[in-house]
Each structure stands twice: as C-alpha cells, then as structure tokens.
Amino acid sequence: MSKDNQILEELTSKDYEHGWSVDMEVDEAATGLNEDIIKWISAKKEEPQWLLEWRLKAFKTWQEMKEPDWANVTYPKIDLQALKYYSAPKKSNKPKSLDEIDPELLQIYERLGISLNEQKKLQGIAVDAVLDSVSVGTTFKHTLSKLGIVFCSFSEAVKEHPELVKKYLGSVVPITDNYYAALNSAVFSDGSFCYIPAGVRCPMELSTYFRINAANTGQFERTLIVAEESSYVSYLEGCTAPQRDENQLHAAVVEIYAAKHAEVKYSTVQNWFPGDKNGKGGIYNFVTKRGICAGDYSKISWTQVETGSAVTWKYPSCILKGDHSIGEFYSVAVTNNYQQADTGTKMIHIGKNTKSRIVSKGISAGKSQNSYRGQVQVMKRATNARNFSQCDSLLMGDRCGAHTFPYIDIQNPTAKVEHEATTSKIGEDQLFYCNQRGIATEDAVALIVNGYAKEVLNQLPMEFAVEAQKLLALTLEGSVG
Amino acid sequence: MTTITKNKATDQFLENIAYFSNFQELRNESLAFLKNTGLPHSKEEEYKFTQISKKIEQNISTFLAADKISISAELIKSNLFEGFEGDVVVFNNGLFIEELSSISSPGYTLSKLSDSNSELLGSVAKIENDPFVALNNLSFEDGIHIKTEKGKKVEKPILFLYFNQANQGQIIQPRVLIEVAENSEVTFIENTVSQDEETYFSNTVVEVKVAQNAHAYYYRLQNENRKAISVTNFATDIHRYATFTSVALQLQADMLRNNLTLNLLDKGCVGNMYGLYLLNGKTHVDNHTNVDHTKPNSDSNELYKGILTDSARGVFNGKIFVRQDAQKTNAFQQNNNILLSENAIINTKPQLEIWADDVKCSHGCTTGQLDEEALFYLQARGIGKEQARGLLLYAVAGEVLEQIAYEPFKAYCIQLVEDRLGSSF
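Order-wise, the sequence lines are chains A and B.
Numbering-wise, this note's numbering comes out as the position in the first sequence, counting from 1, plus 351.
Numbering-wise, this note's numbering comes out as the position in the second sequence, counting from 1, plus 354.
Note that these hints are calculated values from the structure, not bench results.
A hint or two may mislead.
To be verified - Quick list of the computed label-pair ranges, beta carbon to beta carbon:
#1 Arg580/B to Gly383/A: 57 to 63 Å
#2 Ala549/A to Leu729/B: 40 to 46 Å
#3 Gly752/B to Lys411/A: 34 to 40 Å
#4 Lys517/A to Gly752/B: 55 to 61 Å
Predicted model only: the values in this text are computed from it and were never measured.
Even for Gly, the Cβ is constructed at its ideal location relative to N, Cα and C.
One chain only, chain A, in its complex shape (with noise of 0.2 Å):
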C-alpha cells in the first residue's frame, strides 16, 4: 500500500466529528403516517384551518405520487410508515430569552461551534436554531424587525404573518410538484421564514443551522423566502447531524420568490452523517429547492457546498419568468466512501434577456458515485436566453464514478446556451511540480483541489468559506492513490 493510500486510509476511517447525540425528552408524534397524523401535527402547532386543509390536500395528492426511481442513486426502500413524523424538545413554555434554553441543548450548539451568544452578534449573523423540529432561539429579531424585515420559525410566520404564508406557501414549489414535495407539504413540521420589504437590504447574513437528533425522526422543513421590490438578503443553511446507524431521511422544500430588482442569495454547506466508511447508516437528503425570479431584473443565486448525507438528491432551480432576470448556480459535491450524490440545477428561461450560469464540480473518491443532473430550458418567447453551464468532475481512486446528465431544451432561435463538461483526475504533472518545489503530496492535493473548486468557494459568505475550506480539506486531504 503507497503512502497515498494510507493517508486515505487514516481520513476515511476517521470518524464523523460531529457524531453524538444528547439524550433529551422529547415530545413526538406516534409512528405512521396517515390523516390523523397530519392532523395531530397541526393540532399541535396550533394552526388554522386553511393550512390543515393544505396539508391534507397535500396528503391526497402524495398517497397517488410513486417514489421517484430516474436518480443515479441506489438505496434501500425506505418504510415511511415506520418513520416518526414529528419531535419535538418537550417545553411547557416558549422561551423568551437565551437563559430559558434547555442548557443541554446549548451545548449541542457549543460543541458545533455555533453559539447563540454575543459572540454571533459580533460576528453579524442571526441564527435561527432548529433543532429536530421547533425553532428554539432567534437572535437579532429586534435590529431585523426595526427594518421591518420577518425573519422568524415558520409556524410562527403562521401565527403572526398568515397572509403572507398563506401567499407564498406552495407557490414556487406547489403540493403537486414531486413526491418528496408532497410529502413534506403534508408533514412538514417547522423551518424557517423570511420576509424583506421592498427597498431593504438586509444589513446581515441570516442564517439557519439545521440539526437532527432524535431518532427515527424524518426531518421535513420548509423554507419560504419572500424579497419584496428592490431588496436584498443572503441566506446561510448550514447542516451537521450526529452519528446514527439507521438511515434517516430529510425532505426539505426550500421556496424562493423575488419581485422586481430584488436578489436573494442562498448559500448552503451540507454536511449530514454520510455513514460509516463501509456505507452503513446515513442521511438520505431528498431536497426540493426552488426559486422564482417573479419580476424583471431580479436575480437568485445557490451556492451549496454538499459534503454529507448517504444519498443526496438534491437539485436547487431558478424560473426565471421575469424580463432581465438571472438564476444562478455554484456547486462542490464532495462523496467519499459509499455515498451517493445526484445533483444539479434547473434554469428554466421564460422572460426575455435572462440568464443563467451553472458551475457545477463534482469531487467522487472511495466508493463513491457523484452525478450531475441539470436542465437548462429556453423556452418559445424568451428571447435572447443566454446561459453558460460548466459541470467538472475530479475522481480520486479508481473505484469511484462521476457522471453527467445535462438536458438542453431550446425552443428559441436566440438563445445563446454553451455547456462544457470535464472529467479527469489530479494531475501527476500537478502533483510532481508542487513536489518538486517542496510542497508534500497530501498539501500538493489539498491545494489543487481547492483550486478547483474556488470558483464555486469564492461565491460564498466569508464565514461559510472557511467552514467549506475545512470541510473539503477534512474530506479530500491525501486521497489521491
């Protein structure tokens, strides 16, 4: 075995860092799902009518979906009659303030590295912490609030802002639009909200840090940001899930809307418990994530970093329906060992002049299979469409697979659509030079690769990139055999 290997050896064996999971009570619904439970959710979170209606509506239009099988991913059936689908830390009162926080639930926060203290507020970032399902702690509310900016837990936004949930809810992603959409539109338990009135710019990154703990619990957020005329708002998810040995699942819906002149920018590092290094355990990651540019000049941009989870099917879109209007698209897709990633994006161009950019870099090493999926679609009247796709995957080992399914749809004559695609592995000329100069094998990969995948680093927040950098490191250092 070459020094090489070794080294991967070391870093694949190594065990997830943020593996454990802190004993805590727990208030959870019964297993199965069915119309009672729905119901019982609902009763819970003491919602309205309308929205129980939604969700059984939703319910109906699921128990008629299959299970998507088109994704480059293979995985056991998953019982979703044996899943829980609610929990929730048992509370009798809502917190007011940070001291009423159930203290071992802040160390879970500590030991991630995320606190919910002054030292966030210097750094400019309003967490709102989810944890299995309830929103527990939101800081900056008050500076937010002041620019009348709602950015809150979503079954909150449900109580204090139901005219605008019940506006955007299902808009961009509607009940019908897939299975795991369905599912979640039914069951969906908390996430989070965000509203910016129009003109507003929102002074700092929001940003949200999902966590699953208990067990046997699907984990179903919904995500709904709304940017009125003229505003902006950076959005941060940032995930990290102890160790488990059961697969869990996670459909989340992510929904997007931007009028006239607005721009959100969405930023995610994904890093769930992608199972052992004999593949065993996970997260299974099914994420429905899609924005809308509704008005002219308005622009939406994904930058994700995906790390984690067993399974990932995950493909984050941008209808483009406004004139001038422009989606974009930046990707890292790190798997190693046995995981399994099928991502991409959607770019569909209805309005004139839109455009689209998708940079999309697949790292596979191990075991592992990395595929990117995308669709770039102009349709009849969207007149001068430009798009430009780049999709390059690095293999590292030869027991790996990269694989690329763009689908290119042009119904317009004007439409300018360029899309490229690479595969290759680190080069030995690469790794000789650095060598060469005295830089070692394992810094010599580290620093190619991040290289590689900067284009796509650069586009994130300041302190989501040195997290990204970490994460990459930590994955990749010395994989190449």
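Position chain B relative to chain A; hints supplied.
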C-alpha cells in the same frame, strides 16, 4: 389506429404482425420481450422527446411487411451518384434483391441471412437496448450477411441502396449483419430512396463486428420523403486495435430515430461518430449515440452538428460510458446546434458516466445562432448578406462532411448540403 405501447393492447398488435418460420429462437425471445414491454411510450426517458410510438400508431394501419415494388436497372442507375464505382446492394422494401445487385469486388462475400445462419445474428444489437430491435428480430423477412476476408482490403466501397414505398404505411424491416475480419478494411455507403411521397415505417437493424486490427467506415445518408418514419438500431462490436467510423447525414423525413451503439471491447480500439442534421419543414430527427469503453487505452470521438429551421426538431443524446477497467481512455464529444427560426426546437443531452479515474473525457454542447459580427465582417468585405449567411452555415456543416473519406460521396453530400443551404435556409 393500432395501439402498440406498453400497458395497452400489446398482444393484439403482436398478433397482427408478420411472422416467418426461420430464426425461431431469436423470434420467440423477442416476442416474449415485446409482450412484456411493448414499444416505448412517451414517458420513457429514452423516448421522452421523440414520440415515435404515437407517430406510428397514428400513421401506420397495418404491420404486415410492405409489398414488393418494381425496381428497374435504370432506376438503380439513376440513383447512383456521380463518380461512384463499386458494388451495389439493392433492397426492395427492405428485402435484398440479388438479381439487381452487383457483387463482384474481391475481398468479401455476401449471403442471405437465411442461408448463412450465423450465430452472431442478434448478439451485437441486443433487445434490452431498444424494443425496436425486438420488433425487427420478430418480423424481419430476411437480411444480408457480409463477411470480409482476413487481411484483405475491399478496395471499392459497397453501396446499400434502399428503395422504399409502402401502401397504408406498411412496415419495412431491413436486417444487415457485417463481419469485418482481422486486418481487413471496408467502406460502406447507405442511401435510402423514397419511391413516392407516402408514409412508410422502416425499422432497420444493422449489426457490425469489427475484428482485431480491422477498419470499417460507414457513411449514411437519410434524405427521405416528408412522411417517412424510420427507426434504426446500429450496433457495433469493436475489437482490439480496430477502428470504426460512422458519418451520418440527415436531411429529410417525418421522424427519424437513430440509435448508434459502439461497444469498444478491447484495448486500443477507436470509435468515431460524426453526424450532421440539416432540417427544415416539420422534420424530427433524434440521434441517440452510445459509446461503451470497457478496456484500457481506447479512444472515442464524437461530433454532431445541427442546423434547424421552420418547425424542425432535433434531439441529441450522447452517452459515454467508461467502465472501471477502461483506464487511459480518451473520450470526446461535441454537439453544436444552430436554430434559425422561432419554431425550431432542440433537445440535447450529452451524458457522461465514468467509473475509471485515469481518463480524459469531455463534452461540449452549444446552441445559438450565426455570429452577427462574422456576418458583418463578411458584408463589410462586399459579400451579400444571403451569401455570407450561406458561407457561415456551410462552414458549420463542412466540419462534419470533411470526415467522409470517399471523395465522390463527399462531393455528392456537399452538393446536397449546398443546395439545401442555398434554398430554404
């Protein structure tokens, strides 16, 4: 209207097609397969943009083999392009006609499939790959089997001339099996002649085995009538150090679907695929190519270009598979399209699936229109707008046509393309 897709009255459709008593094993296997799957419906990924089954259901009323038409020596002569010298293999509605063909060149033999009983038949084009292979297996009447001699080069090209004409859109099912023996070389040219302007449905299967160190070239022209519906499954097994080159030119039909499969089975083989589709009217052309690299050090090159106007629709799907053992593979794929009208549509999907790490694979795909600046440049130098457009379009097409190594055929294709670009584009 006869229903032919899955979940519908497949059995009834299968009862109404022609059966022959030979090749029983192949036919039984295919019948079982078709009973199970039916022909592809529009929800199937591979036929998402080309609803060929619907087209067939709407236009073809009988699935009996098309009646033979009368073909004279003069007709054949009039369909040879200028400067052609070589053997001509004539097909009458898909069936080989020995009397009208001229098979005299040294270096190869040609026999009917019913006489040769080759075990190779059905092993290169697999039914799992496409239900239309099963349909052809099930009901082709007879086909031809060409074998080259080891170490010989067939000096002159072999021309396949297909004369098609059917009543009520009957079915035409040519079947060709080609064995290119070790160290031999051969060139094929295929041209389809529609005898009238009426609908027919042709479902062709061509199987080619290129043995060690052999070289084969296959040039195909599809310029059929505006009601022609055609599906072709062209499958090739390429062995050690052998090369196979395909150049396809598609100009006209109602709906064309071509599945081109190259299995690179051993070290050092090379597969080249070139295609040009120049479409107007309502022509719908779908090219699915599939290259499978299974062993180290093999290369594949692919270039497909399209120019579309009116309500034409082009579909391109290029798959490249690089298996775990296929280290040091070079695989390149390029698809460029130009849309000239509002109603033209292009759907393209260049697809890479790679399981080996020491490889160089890339694909590129563009869709756009003519460069305004290039047009202006030419106009500024005194070239009229129409002429400048033609010049630029021809430059796009030329790259593919250049790949035809047989000069008289290249000249003929260039003429066809020039005429097309000069008239309706």
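Status of the hints after comparison with the structure:
The hinted range of 57 to 63 Å is satisfied by Arg580/B and Gly383/A, whose Cβ atoms lie roughly 59 Å apart. About 44 Å separates the C-beta atoms of Ala549/A and Leu729/B, a value consistent with the hinted range of 40 to 46 Å. The hint said 34 to 40 Å for the Cβ distance between Gly752/B and Lys411/A, and at roughly 58 Å that hint is violated. Between Lys517/A and Gly752/B the Cβ separation comes to about 59 Å, which falls inside the hinted range of 55 to 61 Å.
Checked against the numbered hints listed earlier, the structure breaks hint 3 alone; every other hint is satisfied.
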